[in-house]
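**Student:** Chain residues, written in single-letter form:
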Amino acid sequence: MLRHVAYTIALFAVLLTGCSSGGGGDDTATSRAEVPIGEKDSHYLFYSGGHSGQVFVSGIPSMRDLSRIPVFAPSPGHGYGYDDESREMLGDYTWGDVHHPALSKTDGTYDGRWLFVNDNAHNRIARIDLNTFKTAEIIGPIPNASGNHGSSFVTENTEYALTATRFSVPLPKGRYAPVEDYEEEFNGIVSGIAIDEETGSMGVDWQILTPPFNWDLGSTGKGPSSGWAFWTSYNSEMASDSLEIQASQMDRDYAAFVNWEAAEDAAEDGNYTMIDGVPVIDPAEAPGVMYFVPVAKSPHGIDVTPDGRWIVAGGKLDPTAQVFDFEDVQAAIEEEDFQGEVRGIPVLNYDRVLEGAVPVGQGPLHTQYDGRGNAYTSLFIESSVAKWSLPPWTDEEKEDLSQVVTDKIDIHYNIGHLVIGGSDTREPQGDWLVAMNKIAGDRPLRTGLSKPETSQLIDISGEEMEMVAESYTSPEPHFAQILPADAIQPDQVLRQSDNDHPEAVWDPEEAGITRDGNEVTVHMIAQRSMFTPDVIEVEQGEDVTIHVTNVEQVADMIHGIGIGEHDTSIIMDPGETKTFSFSTEETGVFPFYCTNFCSALHQEMQGYIAVRPSE
Amino acid sequence: MDEASRSNTRFLDRPLNTTSRILMGLAALLVAGAILAPLWQIRLEAPMYEDPLLMDIYAHKLESGNDGQDLKEINTLNKYVGMRTIQEADFTEMDWMPFVLGGFALLALRAMFFGRIRNAVDVGVLFAYFGAFSLYRFYYQMYVYAQNLDPTAPMNMEPFMPAVIGSNTVANFTQWSYPNWGSALLAGFIMLVVAAIWRSRNESHNAS
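Protein chains in written order, with full-length UniProt numbering: chain A, 1 to 615; chain B, 1 to 208.
Just so you know, these hints were derived from the structure itself, not from any lab. Do not rely on the hints blindly, as some may be mistaken.
As the list claims (entries may be wrong) - Distance windows between CB atoms, simulated:
1. B/ALA171 <-> A/GLY517: 48 to 58 Å
2. A/GLY462 <-> B/PRO179: 48 to 58 Å
3. A/GLN492 <-> B/PHE133: 39 to 49 Å
4. B/MET161 <-> A/TYR608: 49 to 59 Å
5. B/PRO151 <-> A/ASP491: 54 to 64 Å
6. A/LYS40 <-> B/ASP67: 24 to 34 Å
7. A/GLY91 <-> B/ALA163: 53 to 63 Å
8. A/TYR608 <-> B/PRO151: 19 to 29 Å
9. B/LEU36 <-> A/SER474: 48 to 58 Å
10. A/GLU604 <-> B/PRO179: 35 to 45 Å
The C-beta atom is built at its ideal place from N, Cα and C for all residues, glycine as well.
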């Protein structure tokens, strides 16, 4: 009885003190995320937008929404996917699935030039220019690649964006083989997408043929692991149906350790087979290009530490983060310390290369680093983030690695990826961590059947993690990148001298309509608050091409052209020239107008396309 | 002319002393420098412009901020109220003003090498006339721009007088107008000329 009373009192004490200290802590923590009205955030947060096909940009620490960059999907608000240039970039698809954004690097640190993003659905990769925040280039579908998920991982000096396939298919694409012949007929692919140092333009340089494992996530090496890249896989079972069960049978799956410099050499030496126009290297024929390392069941993330020595894989169905020592990996390769091989690819001796498996908790997915010797692993099943210390560990710690787990914080709910600024560089920023969560539950205001995604901002500058802000986004961020605001100075206008569109006109005297047979060409100027010319007389059946230049040189002076009952939304940012074309199929007079509010006389900014019957 | 007034003006014929000659030399340098310096600045501030719109007036040219785009912007805005397009060609004084300033530099040098106090006084008087005329001319041009508004302009606005020195508010804009450092050179010029006269005149008094 006495004991009972004592417990009750103790419980009360905990509740009381818990409430007061928790409440007080929350207040100060939340104020750390506050950015006063009129002031700017200190960091950019670039989210992948998942199957929206976009990139979402927010500010840290306020988590305020800043903008969206349309990449693989049309965006009428940006005029993206309606003018000739962006339509050509989008090709035949109206959507894509953006998973893993990667910032360009120089000497292993972010250089603020480009952001690369993958399209998991249509096997493409895009480059966003961080001077303009616009999609500059899309390449793909990449030959032989199906399910461009393990992408885009940028090397130390942006030599390559490296990608690996989630799905395997019979190669080359377009070839039929029965799915039951999966093991024999299907293959995965690792691709080296070379990036031009000056222009950033991309091209598929070489590929590596792999067994039909499902490649998942990856990262690139630096320091001692410079020249290497790493991917986890699931389905080492090579099952082709009911993967949920069939691909979860073995206790270990394989991670691929790829020496991309060796792959580059093999391609240069002609040690490849051309498949669908790409040199494809068979790693069994090119020793030293690829090794397998067993990792605990169905891993997800595999992340290289800032110093390049430790490689951490999350187990997903195994409650540990496994730490591999790249120095041991190199020694094992040198001494050929292999525990077997799969299709001629050596499997490194697991015990030799594993430094330890840290019991971080249930459902470890993905690990990031703060540059102070700490690792942070997202725990999907447990809905939390575990903070733990990287090696070197003491003998006592090695006895029981649960001792190196130093902190945990609850996440709402079911965290997928997490990101720390610069975690994949030599110099992590180490101040903020963003958790990107898969289940919002009933946390936000109800929005009907469809729920937003949640993001939570965690201050990691102290010993203990502290949650300071949360926000909601549309579907569906997977991973993100964080860049200090002062790392870039984006343009506010396209200067007249930098506009290289061959059909740009700047002087209203030069604007006008010219005809060549059936072809009508309009050189148009948009400037507050009129279009010149603003009446376009054409005949039915003529093909019209309009080159419209927004001659404004003032920040935010954006003009648009929307044409009634024509599926056209063009946006010209200050200084831009856009080209679009249509054929005049129906007679009538079609008003067009400026869609983006520009001035007091914005409403008056309009014109007519008058289509008379052909004679 | 009686003896008293003759003795009052007699000092004009005396040569400039060394200090005064140095001062005249410096004055020549300043006025020559003003040929290339911005004389006046007009600045327009409005909430939507992160950086104000700037227009610098030189003896020989009109220069505007943001690589000349600010002048285009000012003209885009002027269109709304029906103000005539501002362009360099309208400022005919830019054709002759550099030569006049060059002339003052030569006159100052003449006073330095050959001069009597009389020469320095001539330079000062001529310059005062030139300065007053230029200021009036500037005022008049501002007046003409803002008084003759096109009645068909989108916005009907009462004609107004922009600030010549100081600020004026029109709609959402605050217009500032003030001398730039080229004008400081010109002010320095006239002060040096006066100082040169003063130094030599004082010496003449002491001598007599």
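**Student:** Does each hint hold? Answer for all of them.
**Tutor:** Structure-based check of each hint:
no.: 1; hint: B/ALA171 <-> A/GLY517: 48 to 58 Å; in the structure: 49 Å, holds
no.: 2; hint: A/GLY462 <-> B/PRO179: 48 to 58 Å; in the structure: 55 Å, holds
no.: 3; hint: A/GLN492 <-> B/PHE133: 39 to 49 Å; in the structure: 42 Å, holds
no.: 4; hint: B/MET161 <-> A/TYR608: 49 to 59 Å; in the structure: 41 Å, violated
no.: 5; hint: B/PRO151 <-> A/ASP491: 54 to 64 Å; in the structure: 40 Å, violated
no.: 6; hint: A/LYS40 <-> B/ASP67: 24 to 34 Å; in the structure: 25 Å, holds
no.: 7; hint: A/GLY91 <-> B/ALA163: 53 to 63 Å; in the structure: 57 Å, holds
no.: 8; hint: A/TYR608 <-> B/PRO151: 19 to 29 Å; in the structure: 27 Å, holds
no.: 9; hint: B/LEU36 <-> A/SER474: 48 to 58 Å; in the structure: 57 Å, holds
no.: 10; hint: A/GLU604 <-> B/PRO179: 35 to 45 Å; in the structure: 40 Å, holds
Checked against the numbered hints listed earlier, the structure breaks hints 4, 5; every other hint is satisfied.
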